[in-house]
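Chain residues, written in single-letter form:
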Amino acid sequence: ILNVEQSPQSLHVQEGDSTNFTCSFPSSNFYALHWYRWETAKSPEALFVMTLNGDEKKKGRISATLNTKEGYSYLYIKGSQPEDSATYLCAFNRGGGNKLTFGTGTQLKVEL
Amino acid sequence: KAGVTQTPRYLIKTRGQQVTLSCSPISGHRSVSWYQQTPGQGLQFLFEYFSETQRNKGNFPGRFSGRQFSNSRSEMNVSTLELGDSALYLCASSLVAGPTDTQYFGPGTRLTVL
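One line per chain: the protein sequences are A and B, in this order. Taking this note's numbering, the leading residue of the first sequence gets 4, the next gets one more, and so forth. Taking this note's numbering, the leading residue of the second sequence gets 194, the next gets one more, and so forth.
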């Protein structure tokens, strides 16, 4: 059974706070780790696809790091804004196509 | 470029009926994957199609089936509906079918089984 775990399950922060979440995945047969942001009533939006150990990707105030040897990825949001409120999902691909195994997500709420 | 579209957006069916959901990928994308989202289970992989061939299948009963057409549009079918099939069904498309390809999701079809 392939388990992808995310923590925390939910997070409330104040506007301007920086925050980070964790995604844990099996370290064997690793091909890629995907991060998505899913706002209520919208489609999941792709943030990053990470493939190499030590990878670091950045998109505006959001960045992510990857450690394939120990099986974890961190997502960071700097200076959280209310529009960052969403569920952040990570998904693991062990190769052989497009099959993604998703974690259950971290629900972020940014309050004014 | 238009995004992934799914029809219908909402469906209400009764137990025992069957349902067909449709997904149109982004123009030029050849791979379509389907996922089921329920509150208890999160996003679960159903199947993946590339060039009209099913490449991967998730751990779902045979009542769940799908196909892909030559224009890359895909349909999934659920026969003999059960209450537990109530869920949001998402499809995602990508250019090819590699593990590092970004998958772009549609808005989903919300299926309610009564």
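By construction, these hints were calculated from the structure, which means they are not laboratory data. Beta carbons are placed, not taken as given, at the ideal position from N, Cα and C, and that holds for glycine. Among the hints, a few may not be true.
Stated by the list, open to error - Quick partial rundown of chain A residues pointing at chain B, CB under 7 Å, derived from the structure:
id: 1; residue: Gly19
id: 2; residue: Ser30
id: 3; residue: Asn32
id: 4; residue: Tyr34
id: 5; residue: Ala35
id: 6; residue: Val52
id: 7; residue: Gly57
id: 8; residue: Gly100
id: 9; residue: Asn101
id: 10; residue: Phe105
id: 11; residue: Thr107
Stated by the list, open to error - Chain B is nowhere near these chain A residues, computed Cβ spacing over 10 Å in every case:
id: 12; residue: His15
id: 13; residue: Ile65
id: 14; residue: Gly108
Claimed, not checked - Beta-carbon label-pair distances, calculated as ranges:
id: 15; chain 1: A; residue 1: Lys45; chain 2: B; residue 2: Gln210; range: 45 to 53 Å
id: 16; chain 1: A; residue 1: Asn23; chain 2: B; residue 2: Glu245; range: 38 to 46 Å
id: 17; chain 1: B; residue 1: Pro254; chain 2: A; residue 2: Leu55; range: 34 to 42 Å
id: 18; chain 1: B; residue 1: Glu245; chain 2: A; residue 2: Lys81; range: 43 to 51 Å
Consistency of the hints with the structure:
The closest approach between the C-beta of A:Gly19 and any C-beta of chain B is roughly 30 Å, which is over the 7 Å cut-off, so the hint fails. For A:Ser30, the interface hint is violated, since its Cβ never comes within 7 Å of a Cβ in chain B; the closest pair sits about 15 Å apart. The restraint placing A:Asn32 at the interface with chain B is violated, with a minimum CB-CB distance near 10 Å, outside the 7 Å limit. For A:Tyr34, the interface hint holds, the least distance from its beta-carbon to any beta-carbon of chain B being 4 Å, beneath 7 Å.
Because the closest C-beta pair between A:Ala35 and chain B is about 5 Å apart, less than 7 Å, the hint holds. Annotation: A:Val52 was flagged as interfacial toward chain B, and the flag holds, the nearest CB pair being 5 Å apart, inside 7 Å. The closest approach between the C-beta of A:Gly57 and any C-beta of chain B is roughly 16 Å, which is over the 7 Å cut-off, so the hint fails. A cut of 7 Å between beta carbons decides the hint on A:Gly100: the least distance to chain B is about 5 Å, and the hint holds.
Below 7 Å, beta-carbon pairs count as interface contacts, and A:Asn101 has one with chain B at about 5 Å; its hint therefore holds. Interface restraint check for A:Phe105: the shortest CB-CB distance to chain B comes to about 4 Å, inside 7 Å, so the restraint holds. Below 7 Å, beta-carbon pairs count as interface contacts, and A:Thr107 has one with chain B at about 4 Å; its hint therefore holds. Distance check for A:His15 against chain B: the nearest CB is about 20 Å away, which clears 10 Å, and the non-interface claim stands.
At roughly 15 Å from the closest C-beta of chain B, the C-beta of A:Ile65 stays outside 10 Å, upholding its exclusion from the interface. Under the 10 Å C-beta cut-off, the non-interface status given to A:Gly108 relative to chain B is violated; the minimum distance is some 7 Å. For A:Lys45 and B:Gln210, the Cβ-Cβ distance of about 29 Å falls outside the hinted range of 45 to 53 Å, so the restraint is violated. Range check, A:Asn23 to B:Glu245: about 42 Å between beta-carbon atoms, so the 38 to 46 Å window is met.
The hint said 34 to 42 Å for the Cβ distance between B:Pro254 and A:Leu55, and at roughly 38 Å that hint holds. Judged by the Cβ atoms, the range 43 to 51 Å given for B:Glu245 and A:Lys81 holds: they are separated by roughly 44 Å.
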